Every structure is written in C-alpha cells, then in structure tokens.
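Residue 106 in numbering that gives the first Met the number 0 sits at position 107 of the sequence shown, and the numbers go up by one each step.
FYI, nobody ran anything at the bench for these hints, they're computed from the structure. Be aware that a few hints might be false.
Claimed, not checked - Straight-line distance between alpha carbons at most 27 Å, and here's what the computed DSS-like set of lysine-lysine pairs gives:
no., residue 1, residue 2
1, 535, 494
2, 133, 198
3, 629, 425
4, 151, 198
5, 104, 38
6, 173, 91
7, 133, 57
8, 147, 133
9, 412, 364
10, 161, 105
11, 364, 400
12, 76, 23
13, 16, 100
14, 425, 173
15, 173, 57
None of these values were measured; they are calculated from a predicted model.
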Amino acid sequence: MIKISKWILREGTYEVKIRQAEIKEDKYLTLNIENSEMKRANLNVELDNVELISKIIKILDDEKQNTVDRDINYIIKEKLLSGLVVIIELYKDENGIVVLKDIAKKTDNFKNKLDVANGKEKDIVVEKEIKVGKDFLLDEEGVYKIQKDGEKQQISDYMAIKELINNIDTNDYKILISYKAPSSEIKEIELNRDECINKNKLLDLINKGLDVSNSNSGILAEYFRAFEKKFKEIRNVHSELGFSEYKNKDIYKLYKVIGELDSTYNGEYDIKPKGNKEEYEAMLREEVYGRCELEFIIVSALSAVVLGYIGDRNSLDSLIIHLSGNSSTGKSTALKLAISLFGCPDPKKIGLYSTYNTTENASIKKLCGLKGVPFAIDEISLSKNKDFTNFIYALANGSEKDRLNKNSELKEKSVWLTTILSNGEKSILESSKRNSGLKVRVIEANNFSWSKNAENSEKITNCISMNYGHIGIEFAKCILEKSKSEVEKRFKEVKNEVYELLNEKLVLDSMTKRRCSKYALIILTAYYYEELKNIKLNIDGIKDMLVKIEGESIRSRNFSESAIDYIKQYVSKYKKKFEGKDNASIDTLGKLIIKNDHVEVQMNKISFEEMVKQGGFEDKTVVLKELRDKGFLNHEKDRFTRSRKNTLGYTEDVYVVKLPKEKEVFEDVEV
C-alpha cells in the first residue's frame, strides 16, 4: 500500500500534480496538490485574484483543453485541472501563511533555476551566467573577473546582491546578499552598504561564511559596486512609527505605510498584523462596545493618531493617562486591549506594551520615534523609582535629554508625540512631588472597574493574543484622508464643548482650560471612530468619566485650598450648630474659637468625618495631611488631633482647623 502523508508547505518552487480542484464558499479555488514523495496539501486561491486565475486558465489553453471563453466554474465542473503537472512558487504573506505566488506549466521559464528531484527544492541561485557591469560574470558556482584576453577567472564562490534596501527615516542604505556558505548552503545576509563596497569591511564577513580574503576583497568591492547599478528598484523600509512627511506629503507608518510610497516596518517592535480582523471586530462588538470604560480605553489609544496628526501645529504635549486602583479591576486587560489595536499586546515580546520593570531611560528610549502610535507601561509597582516627577515631565515634553557627541557638539534628539497609557494600584501623581504642573499633564483615572467581570477579561485576552494590529492602521487612514485644518476646526469645537460641560457641572479652576485640550482629543477621537465604524459609542458616559476625573484632579491640585473653601461653606451653612461664647447648641457639630488672625473650628472625630464625606473627599486622612502641610491644622506633634475638654467635662481628641478670618462667614456668631 502506498502511504500518503500530509505535506507541510514551505516557501520555495516545486513541481506538483493537481489531484483535484473545487470551489469553496464561492470565495476560493482549492487545489489539492501532490509532490513526488506522495505528500499532499491544499492550496487556496481567492477567486477575485484575477492574475492567478487567468494563469491557471492559460495553462489549460496551452494544453489544448479548449477553455477559451470558459470560466473557472466550467473548468472545475469538467475536472479539467485534475492530473495536470505544474510548477508552483510559494511564499509567506504578511500574516505568515504560505500561499501561492505563481503557477505555470512545467516547461515555463521561472525566474529561478530548479532541481525538483524527489520533490525537494534545491537552493535557488541564478538561472544562467549573467554579466555584472563590464568586468564581471556570475553563475551558480561563483563570481568571475573578465580578463583582457576575454577569458574569465574565478575570484570567489557564488555571491550576489538580491535586493537594495532604503530606510526612509534614516536615509541609510542596506544590501541583501545571497551567498554560498562553506557548507554549500545558499544563505542570505543583510549588510550596511559600506560593508559591501569597502574592501576592509568586507574582510569582517569571513566568519559569516562569505568567500572573502585579503587577495579578493578589493575586487569584490568593485564587483558589488557594479552589481548594485543593475537594480532599478529599491525596497523601502522604515524604522520609526506614526506620522512623517515624504516628498512634502503626510504619510502614516505602522507595519505598512499609508501614503505615497510602499514601505515595510524594519524595527524591533512586534507590530505585524496577526490573525483575523473579523474575529477581532466580533470581540469588540460582544465584549467592548456598550461598556463605556472599555470604550474610553480604545478611543484613548486611538487618540494618539489625532494627536500625532495635529499636535505639532497646536503645541500639544503627549497625552499621559494613568489607570490606578485596586487589583482585579481589569487595568492590565484594558491596556492590552488598547495596544492590540496597533500591534502585539504581549509584554514578553518587544512591542508597544511594556512594563515598569525597567529603568526610566529605557522606557523613554522605547518612545523615541513614535508620532501617533500609542505606548503602554504596565504596573507601576514594578518600578524601583520612588519619585516619578522627572519621568512625567520627560514623557509629556516628548524629547530626549540633550547630549554631546565626541566633538562636544549637540546630538540630534529623538522625539515623540503620542498617547502614553500607564497603570498600577498606586497613583503616579501621589508618587511624585506636589506640583500643579504635573497634575495638569496627567489624566489619572482612579478606581474605575475597566472590565465587566473575569469572564469578560478572559474573552478579551484570548482574542487579542491571537488577533491584533488591524484597527489602528484603518483609523489612521481615516484621519489621513481629512485635511489638518478640518481636524483642527473640529478639535476646537469639541474643546469648547468639553469646557462648557465642565463649567455647567461647576468642575473647573484656572488650569481646566489647559486640560480641556487633552479631554477634547479623546472625545474627538470617539466621534471619528463612530463615523468610521458606523456604530454608536456611549460618548455621554465617557464625558461623565472625564467630569469625575477632572473633579478629582482639581481637588488634588488645589487640595488644601479646596478643603478650606469647603469647610468655610460648611461652617457658614451650619453656623448655628457650632458652640460659641453665648451659643450653646443642643445638636452641636463643634465649637468656634476666635483668635487674632484666624478662627479655630474644633470638631470631634465623628462630626469631622461626616463633614468630609459630605464634601466628596473620600479619605479624611488625606484631607488632614494636606491641611497640616499647609498650616491649616492646629495639632500635637506626630498627631492630627489635640486633646481638649468638652462641655461634659471630660477630655477627648478633637480636630482643630484654622480658618482665615472672614467676617461674612462668622458675622452672626457670638464667640
């Protein structure tokens, strides 16, 4: 019995027999193929791939199968493909799947010389002897120098330039070389251009297996210079991500480029799209849409695109969003979801999702070159840093420190302009100096539940581990199709809309207008995303989140003043319930004691805690600490309280707040 086994397809060129062909799902032509080792595999060709379908029909025409004016459905129905022996060329697509690149009848002239004995491909070199410049020849055995008498002399084993590569960000050129190693394998190596055309640097490649020596390095340098002139096309790559200009036009770079040129990412980040976009969007519909916290996260990540597009012209800083709160609220899942819109969300890989388990300089280095692509840093508790003040300023300012080169000249600085997402159980602001400038720069979202439950988190995580990198590039294309002036006009309108909302809610101070630029980026992104996907987000819910965030920020950045103002209002409202010299209230809240330049508000612990809760201050200890640090608390050493006798004659611990004298507050109180 003949044993048939599965053929694991790899890139290469093969002679195969088509066993049968069929149409599947009205979308694919599926070819069941068999090589000479009796191994079989299925190849799917999309029916709308007109070029490949036409080539298949042409093979049948050449075989006198009378397929003129017949479509592929007729060919399948009549089983005209069954039994044909053809040559196929396979390659990996951008998703890493081996697919059909080319097909021809057995006698067709492919680009590469083949040896398909026993169904195995031979290392591919050159089809025949070719001339390189005026003085060199190349075949599959080696490189030759043409002598004056017309004879050829071999100078090395086979080596050839396969590709010229240009980095559009650095303008550096690289060369991809194919060469025969000492093992007779054909290998490839990517080199800087100067490593190929500089005879001294060529010698450094000996350990890579290239046939280079002192005697031939100079001649090989001439050979490579002549060889690169044969190339009319150069493959473009990029190493930076996001927006830039190419020939005075805006482009957006992720794994591929949206704009005026074709380029592929050649850098350390894992941003190549993976999996199925339809599966990813199904997850968004089932697990994300309708949950305003998760909608907030995806539009925050996508806001990097809007910021990168108009940020320079509007003097906007990078957007920093920190999620803080207890564990098991879905903070890490939220950040992974955000990054999965653009690339791999796995912190174990080098990508746009990192952790605080590194140095500040390393984190900043990872941001360099990002303009419109978000970056996430997970779990602040992993950091050994105790003060994040300088780190926050560096993130927001968007540039490296000034550095000198060996000639004591300033080096060119790397910059970034993007949305930076961070999380942890503790606040990044409370781990920094009490500086209002810091508090303006960070949007800190405290104590939100990001995922619905553990099952919701698990479903999101499972999906984005296998499917990512599909939505960010689509959203960037949508934004790039709009003029900058159009986006800026709408940005200003949304900024005013947000400010009016905060004004209506009485949530504002002198710094709120600056903060509105940050909030407007998020809300504007939500509007654009709705239009792109033709869906309805809970934008009112996202606005409510921002109102809460701004309210907490105001209390934080003006905490002691806010607390003092509130206590003044509280005392004014309930002044008849405070004891004075001639005012002995039955239902007392505390006591007012007039001093020369201030009034002491004395309250027992229960009354003080109730007052703090009514004012929306969640933690009385934080309030007391701020009052003490600003000199508004009369207290004993190492305590927030003082021991004083009450009206019943016994001593109790009380809080004593020192309020600046203001006649209108205490005018009717006799003390």
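Hints, one by one, checked against the model:
Pair hint residue 535 plus residue 494 holds up; C-alpha atoms about 21 Å apart against a cutoff of 27 Å. The straight-line distance between the Cα atoms of residue 133 and residue 198 is roughly 20 Å, inside the 27 Å bound, and the hint therefore holds. Between the alpha carbons of residue 629 and residue 425 the distance comes to roughly 23 Å, so the proposed pair stays at or under 27 Å and holds. With a C-alpha separation of about 22 Å, the suggested pair residue 151 and residue 198 falls inside the 27 Å cut-off, and the hint holds.
Of the pairs offered as hints, the one joining residue 104 and residue 38 holds, with about 20 Å between alpha carbons and a cut-off of 27 Å not exceeded. Taking the CA atoms of residue 173 and residue 91, the gap is about 22 Å. The hint holds against a cut of 27 Å. Restraint check for residue 133 and residue 57: the C-alpha separation of about 39 Å exceeds 27 Å, so the hint is violated. The straight-line distance between the Cα atoms of residue 147 and residue 133 is roughly 11 Å, inside the 27 Å bound, and the hint therefore holds.
At most 27 Å may separate the alpha-carbon atoms for a hinted pair to count; residue 412 and residue 364 meet this at roughly 11 Å. Distance restraint check for residue 161 and residue 105: the Cα-Cα separation of roughly 25 Å lies within the 27 Å cut-off, and the hinted pair is therefore satisfied. This hinted pair checks out: residue 364 and residue 400 have alpha carbons roughly 11 Å apart, not beyond 27 Å. Only pairs whose Cα atoms come within 27 Å are accepted, and residue 76 paired with residue 23 is accepted, the gap being roughly 13 Å.
Pair hint residue 16 plus residue 100 holds up; C-alpha atoms about 17 Å apart against a cutoff of 27 Å. A C-alpha spacing of about 46 Å is found between residue 425 and residue 173, which places the hinted pair above 27 Å, so the restraint is violated. In summary, the hint linking residue 173 to residue 57 is not supported, as the alpha carbons are separated by about 39 Å, beyond the 27 Å threshold.
In the structure shown, a violation is registered for the earlier hints numbered 7, 14, 15, in ascending order.
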